[in-house]
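Colleague: Protein sequences appear in the order of chains L, P and X. Going by our numbering, the first sequence runs without a break in its numbering and finishes at 514. Going by our numbering, the second sequence runs without a break in its numbering and finishes at 117. Going by our numbering, the third sequence runs without a break in its numbering and finishes at 769.
Be a bit skeptical, because a hint or two may be false.
[Said to hold, decoys possible] Pairs of lysine-lysine residues, derived as DSBU-like cross-links and limited to a Cα-Cα distance of at most 35 Å, are as follows:
1. L/K358 to X/K664
2. L/K358 to L/K403
3. L/K322 to X/K767
4. X/K755 to L/K365
5. L/K437 to P/K41
6. L/K342 to L/K404
7. L/K483 to L/K403
8. L/K365 to L/K483
9. L/K393 to L/K512
10. P/K95 to X/K710
11. L/K358 to X/K628
12. P/K(-1) to L/K405
13. X/K710 to P/K43
14. L/K342 to L/K322
15. X/K710 to L/K365
16. X/K767 to X/K725
17. L/K404 to L/K358
18. X/K628 to X/K710
19. X/K755 to L/K404
In case anyone wonders, no lab produced these hints; they're calculated from the structure.
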Amino acid sequence: MQNEKLTDMQRDALKELGNIGAGSAATALSQLLGKDIKLNVPDVTIIPIEKVNEKIAKHQQIIAAVYLRIYGEIQARALLILPQDKIFYIIDLLMKKKLGTTREFGENEQSAIKEIGNIIISSYLNALAKFIGLNSVPSVPALAVDMADAIIQTISAELAEVGPDAFLIENEMVEKETDLSTTLLILPEMTSMKKILKALNDTIKGS
Amino acid sequence: MSKKVLLADDASFMRMMLRNILEPAGFTIVGEASNGREAIELYKKLKPDVFITDMIMPEIGGIDVVRELIKEFPDANIIICSAIGQQTLVIEAIQAGAKDYIVKPFEQANVLETINKIIEK
Amino acid sequence: MAHINVEMGQLKIGKYNDVLTAYGIGSCVVVICYDRINPVAGMLHGILPEKPAKKSGENRYINSGIENLIKTLLDMGVSIKNIDAKILGGASMFDVKLSSDTIGERNIKMAKEVLTKKQIKITGEDTGLNYGRNVEFFVETKKTVIKSFTHGLKYI
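So here's chain L without its partners, still in its complex pose:
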């Protein structure tokens, strides 16, 4: 499947899908943190595997990434990226503690971050299931806190085993007060993208 291209219409439809998924995800995040969350317009692209790092990873930046595999009618990978320097702040908000309380990243804190990833990505999938009728479930969450490029590189390698290109739906969720920016990446497999486009088409025609 070399050089996949999206038509403008398909891109618009996928952006709308991204909006719906992320809208639900942002609501969940807002509820968890007790803060308003703004969504940016999602970015939908198909790029060669080697370009994924360049696009996503800000060189040498340290991130916390929660990674889940998605199984079912949609086969995909999902990654929630949080800036490492705001992790303690996020945990304080989540556990309803006074800001500045959390100072170490122990088992409970790691579990909390993983659970945020799980809840946000599940909310995204729930919205997709409701909108286009494709059901899917996430795996248990996995966590890495390290250089962004090393983490993204590892996911890219997994994608490279499947095909030459990566299909990316990128959503940015921002908490304005503290400039907390989290990125939600959904990477559907190419066969699933075809299924998603067909389901989108049926949904649009049906309504």
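Assemble chains P and X onto chain L, guided by the hints.
Modeller: Positioned in the frame of chain L, the structure of chains P and X alone reads:
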């Protein structure tokens, strides 16, 4: 007498959240499991009044835990608490024998309302 | 002196006081083959262990990439008996393995297999575990500096 509750979730943070909601409301958390296998063992040993379980867990998933327990304890009060709120999966869980379903992230009031409703029945 | 950056799926050669670099190595494996006597070396930044049949982009793969790396050095007049190697990377970045056999582990295994088959000695190794690495290889001194966020500096 205070009702006995068993919690199963692979996220310790989630178990803590539920504990923080249930204990002040007068429930006793008699056990915590971090995977499906442990949950089944603890249920058989502790025979709780209510069992709240996650869906996606290592070893054995939540729905299979429900199926396994219902075979031996057909009246078990099992509540699924999962981030997955897709209708087909909720229905599957209920068909397996779960009494109710809570979608994460949850509100405190919603958790207590669901658990009280089941106990009163 | 030049800093020569080797991106994912690339193979590059450095001479004299050049520095061969690879950044943000997660599950990828970096193989450095160098002339023990003369200041010439090559660096491969491989992504996956094995080249599938009928595939291009051979430096993506550890097995075909090492073949290319050695062939390039030999074409430059390096004697096979003077070649030594160092291997780096191949981490399993996440705390839970979502597949039983991670790509990082398979990459390391393949690199060792191919080098052993070619009877090339591995003189230095910093592989596996769960963290990302930045690598700098100084061609003239044949020294490697490994930088990481979680484990600081390491020299091999």
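Colleague: Tell me if the straight-line CA distance from X/K628 to X/K710 falls inside 35 Å.
Modeller: Since the Cα atoms of X/K628 and X/K710 sit roughly 39 Å apart, the hinted pair is violated (cutoff 35 Å).
Colleague: Check whether the Cα positions of X/K710 and L/K365 lie no farther apart than 35 Å.
Modeller: holds, 25 Å
Colleague: Does the structure keep P/K(-1) and L/K405 at a Cα separation of 35 Å or less?
Modeller: holds, 32 Å
Colleague: Between the alpha carbons of P/K95 and X/K710, is the straight-line distance 35 Å or under?
Modeller: Roughly 33 Å between the alpha carbons, so the hint for P/K95 and X/K710 holds.
Colleague: L/K404 and L/K358: Cα distance at most 35 Å?
Modeller: violated, 40 Å
Colleague: Given the hint that X/K755 pairs with L/K365, test it: the Cα-Cα distance must not exceed 35 Å.
Modeller: holds, 30 Å
Colleague: Does L/K483 pair with L/K403 here, judged by a C-alpha cut-off of 35 Å?
Modeller: holds, 19 Å
Colleague: Starting from X/K710, check that the Cα of P/K43 is at most 35 Å away, please.
Modeller: OK: X/K710 and P/K43 at ~33 Å, within 35 Å.
Colleague: Keeping to a limit of 35 Å between CA atoms, is the pair of L/K342 and L/K322 held or broken?
Modeller: Given that 35 Å is the threshold and the Cα spacing comes to 25 Å, the pair holds.
Colleague: Assess, step by step, whether the Cα of L/K358 is no farther than 35 Å from the Cα of X/K628, and give holds or violated.
Modeller: holds, 28 Å
Colleague: Are L/K358 and L/K403 close enough, with their CA atoms no more than 35 Å apart?
Modeller: Not OK: L/K358 and L/K403 at ~39 Å, beyond 35 Å, violated.
Colleague: Within a Cα-Cα threshold of 35 Å, do L/K365 and L/K483 meet the stated pairing?
Modeller: Holds, at roughly 20 Å.
Consistency with the previously given hints fails for numbers 2, 3, 5, 9, 17, 18 and 19, ordered from lowest to highest.
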